[in-house]
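Trainee: Start from the sequences, fold in the hints, and give me the full structure.
Heads up: the protein sequence lines correspond to chains A and B, in order.
The numbering of the first sequence is this note's numbering, which starts it at 330 and goes up by one.
The numbering of the second sequence is this note's numbering, which starts it at 16 and goes up by one.
In case anyone wonders, no lab produced these hints; they're calculated from the structure.
Certain hints may be false.
[What the hints assert, rightly or not] Below, a list of computed lysine to aspartate or glutamate pairs in the DMTMM-like style, where the Cα atoms sit at most 25 Å apart:
{"#": "1", "chain 1": "A", "residue 1": "458", "chain 2": "B", "residue 2": "818"}
{"#": "2", "chain 1": "B", "residue 1": "262", "chain 2": "B", "residue 2": "97"}
{"#": "3", "chain 1": "B", "residue 1": "718", "chain 2": "B", "residue 2": "818"}
{"#": "4", "chain 1": "A", "residue 1": "415", "chain 2": "B", "residue 2": "853"}
[Stated by the list, open to error] Rough simulated footprint, nothing fancy, chain B against chain A, three-plus residues with beta-carbon under 8 Å:
{"#": "5", "segment": "413 to 426"}
{"#": "6", "segment": "464 to 478"}
[Claimed, not checked] Partial list, derived from the structure: chain A residues whose beta carbon lies under 10 Å from chain B:
{"#": "7", "residue": "343"}
{"#": "8", "residue": "344"}
{"#": "9", "residue": "393"}
{"#": "10", "residue": "399"}
{"#": "11", "residue": "403"}
{"#": "12", "residue": "455"}
{"#": "13", "residue": "496"}
{"#": "14", "residue": "497"}
{"#": "15", "residue": "500"}
{"#": "16", "residue": "533"}
{"#": "17", "residue": "580"}
Heads up, the beta-carbon is just placed ideally off N, CA and C, and yes, glycines get one too.
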Amino acid sequence: MSTAAEGLESSPPGPAARAVDLTKVYGTGETAVTALDSVSVDFDRGRYTAIMGPSGSGKSTLMHVCAGLDSATSGTVYIGDVDLTKLRDNELTRLRRDAVGFVFQAFNLVPTLSALENITLPMDIAGRKVDQAWVDGVIDTIGLRDRLSSRPSQLSGGQQQRVAAARALASRPQIIFADEPTGNLDSRAGAEVLSFLRRSVDDFGQTIVMVTHDPTAASYADHVLFLADGRIVDTMDEPTADRVLDRMKGFDGKGRRS
Amino acid sequence: MLRSAWRSLLHHKLRLVLSGVAIVLGVGFVVGTLIFTDTLNQTFTGLFADTTSDVVIAPSEDVQSSGFAGTVATLPAALLDEVAVVEGVAKAGGQVFADGVAIIDSAGAVLGTTGAPQFGSNWNDDEDLTPYRLTEGRGPTAGGEVALDSVSADKAGYAVGDEVSLVAPQGALTATLVGIFRYGTSGNLAGATIAAFDTATAQQLLLGGKSGYTEIDLVAADGVTQEALAADVGAVVGASATVRTGKEAADQAAADITAGLAFINIFLLVFAGIALFVGTFIILNTFSMLVAQRSRELALLRALGATRGQVLRSLIAESFGVGLVGAVLGLGVGVAVAFGLEGLFRAIGADIPTEGLVLLPRTVIVGLLIGVLVTVVAALAPALRASRIPPMAALRDDIALPARSLRLRAIAGGVLLLGGLAAMAAGASAGGASGSQLVGIGVVAALVGAIVVSPAIAGPLVRVLGFAFPRMFGTIGSLALQNAERQPRRTAATASALMIGLALVTALTIFATSAKSSINQVIDRTIGAEFLISNQTQRPFPEQVALDVATVPGVASVSPVKLLPAQVNGTDAALVGVDPETWTDMASLTFTSGALDGLESGGMAVDAQSAADAGLAMGDMATVLLQTGSADFTVTGIYEPAGAFSGFVVSSAALVPAGVEMGDSFIYAKAVDGADLTTVQADVTAALAAFPTVQVQSQAEFKEQITSGVNQILLVMVMLLSLAILIAILGIVNTLVLSVVERTREIGMLRAVGALRRQIRSMVVLEALVIAVYGAVVGLLLGLWFAVALQRTLVDQGIEVLDVPWLGLVAFLVLAGVVGILAALWPAFRAGRLNVLEAISTE
Numbered sequence: 330m331s332t333a334a335e336g337l338e339s340s341p342p343g344p345a346a347r348a349v350d351l352t353k354v355y356g357t358g359e360t361a362v363t364a365l366d367s368v369s370v371d372f373d374r375g376r377y378t379a380i381m382g383p384s385g386s387g388k389s390t391l392m393h394v395c396a397g398l399d400s401a402t403s404g405t406v407y408i409g410d411v412d413l414t415k416l417r418d419n420e421l422t423r424l425r426r427d428a429v430g431f432v433f434q435a436f437n438l439v440p441t442l443s444a445l446e447n448i449t450l451p452m453d454i455a456g457r458k459v460d461q462a463w464v465d466g467v468i469d470t471i472g473l474r475d476r477l478s479s480r481p482s483q484l485s486g487g488q489q490q491r492v493a494a495a496r497a498l499a500s501r502p503q504i505i506f507a508d509e510p511t512g513n514l515d516s517r518a519g520a521e522v523l524s525f526l527r528r529s530v531d532d533f534g535q536t537i538v539m540v541t542h543d544p545t546a547a548s549y550a551d552h553v554l555f556l557a558d559g560r561i562v563d564t565m566d567e568p569t570a571d572r573v574l575d576r577m578k579g580f581d582g583k584g585r586r587s
Numbered sequence: 016m017l018r019s020a021w022r023s024l025l026h027h028k029l030r031l032v033l034s035g036v037a038i039v040l041g042v043g044f045v046v047g048t049l050i051f052t053d054t055l056n057q058t059f060t061g062l063f064a065d066t067t068s069d070v071v072i073a074p075s076e077d078v079q080s081s082g083f084a085g086t087v088a089t090l091p092a093a094l095l096d097e098v099a100v101v102e103g104v105a106k107a108g109g110q111v112f113a114d115g116v117a118i119i120d121s122a123g124a125v126l127g128t129t130g131a132p133q134f135g136s137n138w139n140d141d142e143d144l145t146p147y148r149l150t151e152g153r154g155p156t157a158g159g160e161v162a163l164d165s166v167s168a169d170k171a172g173y174a175v176g177d178e179v180s181l182v183a184p185q186g187a188l189t190a191t192l193v194g195i196f197r198y199g200t201s202g203n204l205a206g207a208t209i210a211a212f213d214t215a216t217a218q219q220l221l222l223g224g225k226s227g228y229t230e231i232d233l234v235a236a237d238g239v240t241q242e243a244l245a246a247d248v249g250a251v252v253g254a255s256a257t258v259r260t261g262k263e264a265a266d267q268a269a270a271d272i273t274a275g276l277a278f279i280n281i282f283l284l285v286f287a288g289i290a291l292f293v294g295t296f297i298i299l300n301t302f303s304m305l306v307a308q309r310s311r312e313l314a315l316l317r318a319l320g321a322t323r324g325q326v327l328r329s330l331i332a333e334s335f336g337v338g339l340v341g342a343v344l345g346l347g348v349g350v351a352v353a354f355g356l357e358g359l360f361r362a363i364g365a366d367i368p369t370e371g372l373v374l375l376p377r378t379v380i381v382g383l384l385i386g387v388l389v390t391v392v393a394a395l396a397p398a399l400r401a402s403r404i405p406p407m408a409a410l411r412d413d414i415a416l417p418a419r420s421l422r423l424r425a426i427a428g429g430v431l432l433l434g435g436l437a438a439m440a441a442g443a444s445a446g447g448a449s450g451s452q453l454v455g456i457g458v459v460a461a462l463v464g465a466i467v468v469s470p471a472i473a474g475p476l477v478r479v480l481g482f483a484f485p486r487m488f489g490t491i492g493s494l495a496l497q498n499a500e501r502q503p504r505r506t507a508a509t510a511s512a513l514m515i516g517l518a519l520v521t522a523l524t525i526f527a528t529s530a531k532s533s534i535n536q537v538i539d540r541t542i543g544a545e546f547l548i549s550n551q552t553q554r555p556f557p558e559q560v561a562l563d564v565a566t567v568p569g570v571a572s573v574s575p576v577k578l579l580p581a582q583v584n585g586t587d588a589a590l591v592g593v594d595p596e597t598w599t600d601m602a603s604l605t606f607t608s609g610a611l612d613g614l615e616s617g618g619m620a621v622d623a624q625s626a627a628d629a630g631l632a633m634g635d636m637a638t639v640l641l642q643t644g645s646a647d648f649t650v651t652g653i654y655e656p657a658g659a660f661s662g663f664v665v666s667s668a669a670l671v672p673a674g675v676e677m678g679d680s681f682i683y684a685k686a687v688d689g690a691d692l693t694t695v696q697a698d699v700t701a702a703l704a705a706f707p708t709v710q711v712q713s714q715a716e717f718k719e720q721i722t723s724g725v726n727q728i729l730l731v732m733v734m735l736l737s738l739a740i741l742i743a744i745l746g747i748v749n750t751l752v753l754s755v756v757e758r759t760r761e762i763g764m765l766r767a768v769g770a771l772r773r774q775i776r777s778m779v780v781l782e783a784l785v786i787a788v789y790g791a792v793v794g795l796l797l798g799l800w801f802a803v804a805l806q807r808t809l810v811d812q813g814i815e816v817l818d819v820p821w822l823g824l825v826a827f828l829v830l831a832g833v834v835g836i837l838a839a840l841w842p843a844f845r846a847g848r849l850n851v852l853e854a855i856s857t858e
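Mentor: This is the structure in structure tokens:
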């Protein structure tokens, strides 16, 4: 497996992550629910992709399976050229650690660690040396240099989420998955986080996949996937909030399961 | 709200089980202890109530009789005839009953050498006048016949008709076993052996042929009360004997035995207390956690209109339910604990005659009350905090129940702890009885203080103890440390059971090691003899033995010693009768004034402590009162007490005029220079063939025999203390499971960003390790201090040497670490198996 550090500078050809004919079924028999129905999608390098769709459309499931947090019922998922569906737990964990970054809706910082320690946590867990210059650059970008020794409880929600985003970026992963990163934030704090993610794509060539139901958030992306009933029903390049909102209105009445 | 409480109970099954187990164990231990002690008490009370007659007449004794001295106080035979004709007496019988007849089993070994008495007795066919109940054969009616208690007959392998070997004070004899009997309803008398003969033989063997009795029993005529008869008989007997009612005598006998068992009761209750303490803390922990986790749910209930009182009541109802179920199960566990204790005591040779366990209603009530009350009280504080959760909290993300300051604890606990340690130091330097008392108070204060102050010192100490974790285990190590520090109260409480257990184990172990070293040192210093000859029955043996041993080739000299109870100037004292001429070769004492020389001319050597107690100085005249008479001695020497060698030393020859006719208690023997000691010992053994219970021990064997007693006591205590450690494990498991549950989302996040299952498991195990080691270190330090204080206090009692078994202490520390790791295995496994996605989305 190539390390993430090499990953960004000398990216191998092909998409950063790829799902082929991906199906995910929860439960069995009569209670079975198909969350993903033969989805195939490429997440291109250096691109910011938003996944949208109504509740129950399967957008979170798609992200979880692509990120190696959940298993596929059938089909294959690649991060770079590694087939996730063939990995065992430890290999999958190492892949998440080395090649994937996460930003969660609920921040998920370790309360006993300082902001800086939270940022370097994945590398510390791996016992890998921190690329100090890179991390410094990331910290300057999130603009929290003066709060690095603070504990999460001493930071505002927006600040916590920026720390979480910095954590995802610090290990220079091949791809970052963000799950409703602004879901718990007010619009101003949300905008800060979103523009930080945008800058990491523009300035550092980072690949980001973000699940959201907020058209404004989606407008920060290069590309939008619309999911309904476990399928990709539409895509949009160069999205604006208004266009996304219009497209979303089209789902009302059809395709909504619950 | 009640339904909501019930639902939530069922919902949190795991936590329910954990707090339930704590209650079950706590209640079980208390109930088990109560059942066991009640059983002991009832057994002995019942035993003597069944077996005493209406009025008992015993000799008035100034000097307590002692089997070791072989002196028995008697009532004249004529007294039996006098009291038999008192009005109101229906029956009268004379009893001969004294320690000193050993039974040799069919394999040739002495039966019951564990220290239990070996009684000889006369036989009486009238069941109103004797506790013996024939189960087989008939009572002995002539010389050469004997009856044995059923337990002894069974153990020795004798059946009616067999020839039984016995050793009486006068020497060995054989008799035909004609009957087997029980003592009252029990097989024997609390582990003692009883051999019964016809009255003349019993008087011959036990009273040296005097035609007296050790006790006279009376049965009252119909309509005469015990008290009235005792008063009438008392008027006839006068001051020459003590008259008691049967009830008084039975109570006295039972009290004597239960007093001997009191330390067991106290010891067991201390452990019940520890069990309950740990149980309380686990319950408190569990409910705090339940409340914290359900704070959003509770706030929602409040937002929906539930009043504060309803929230409080629902939580208390919940704890009441858990407490009740736990207490009921605890009663069952208590019965098992009582069985276990009985087995434990039986295993170490303390044969307790029980006829089933005694479960008093009081025990059931106490058990249920403790279980329910402790649970409800433990749940009260978290419940109160929960009831103060504002309804708005339901809408917020992170709800932090306010933490209380540790400052008050730190001050109160610190003062108590340091005060306790200072009290111990003061007591140790004071010494004596008041010093011991001060040390005792200090130990309790220091333990309580340590528990109180523990949360305040747990954080910093954990950081110190785990300083190597980050370097050895990286971030996982730091996280484990931070987790242990995060909840100092919980960490401290978790460690406290281990702390108390280890403090006591450490103190006992150091003290026992010191006692053994002291014994060895005293023997080395004071005994010059190579051999010690003594009786396995611990009774005097004929003076012929010393004469026989002296003729063995290789034996240079022998020096017989007599030990007997006496009163010196009105105080009870141990009198040592020696042969001054040979004794100086065998034992060396350090004299502060005077010398041993004076003994030959009616002098007396006294150790400094005993001299001070009796108010004697050099040249003073002391009156020594013996059971058989009295004699006057002049103090001609004062020596430093040296362990076993303390007391009043006089010449044996000087005791003859006072009526002492006893044999020797033991004999020192010195070998010829250059003789092969093994050969000499074998030759002496051969020369003692006529006295099967008399043994010869080398100095090393003698030391071994004394120190093995210390070992056995130590073993029992350590076994009981290991129960405390078992409970400590449970506490650690509980804390870790709760920690894992509490940090589910955090663990999920760590897994998501790349922590391996193995690393999560390590994190939990390391947290447990540092908690356990913290408890162990504090416990070891406390125990060390206790032991030093105890040893210093008892220097005068012969514990001269402080011998700390450092290797053993290190082993305890390692063991504590292992305990921590073992306790962490299951919670660590659970933490490793958490589903990442579910963990992250946990609220």
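Trainee: Each hint needs a verdict: does it hold in this structure or not?
Mentor: Hint check results:
1. 458(A) / 818(B): Given that 25 Å is the threshold and the Cα spacing comes to 50 Å, the pair is violated.
2. 262(B) / 97(B): This hinted pair holds, its Cα atoms lying about 23 Å apart.
3. 718(B) / 818(B): Status holds; Cα separation ~16 Å.
4. 415(A) / 853(B): 22 Å, holds
5. 413 to 426: holds (count 6)
6. 464 to 478: violated (count 0)
7. 343: 23 Å, violated
8. 344: 22 Å, violated
9. 393: Check passed: Cβ of residue 393(A) comes within 6 Å of chain B, closer than 10 Å.
10. 399: Since the shortest Cβ distance to chain B is 5 Å, the answer is holds.
11. 403: 19 Å, violated
12. 455: It holds, given that the least Cβ distance between residue 455(A) and chain B is near 6 Å, below 10 Å.
13. 496: This hint holds: residue 496(A) lies near chain B, its Cβ roughly 7 Å from the closest one there, short of 10 Å.
14. 497: Where the cut-off is 10 Å and the nearest Cβ of chain B is about 8 Å from residue 497(A), the hint holds.
15. 500: Where the cut-off is 10 Å and the nearest Cβ of chain B is about 8 Å from residue 500(A), the hint holds.
16. 533: 19 Å, violated
17. 580: 24 Å, violated
Of the hints listed earlier, those the structure fails to meet are numbers 1, 6, 7, 8, 11, 16 and 17, in rising order.
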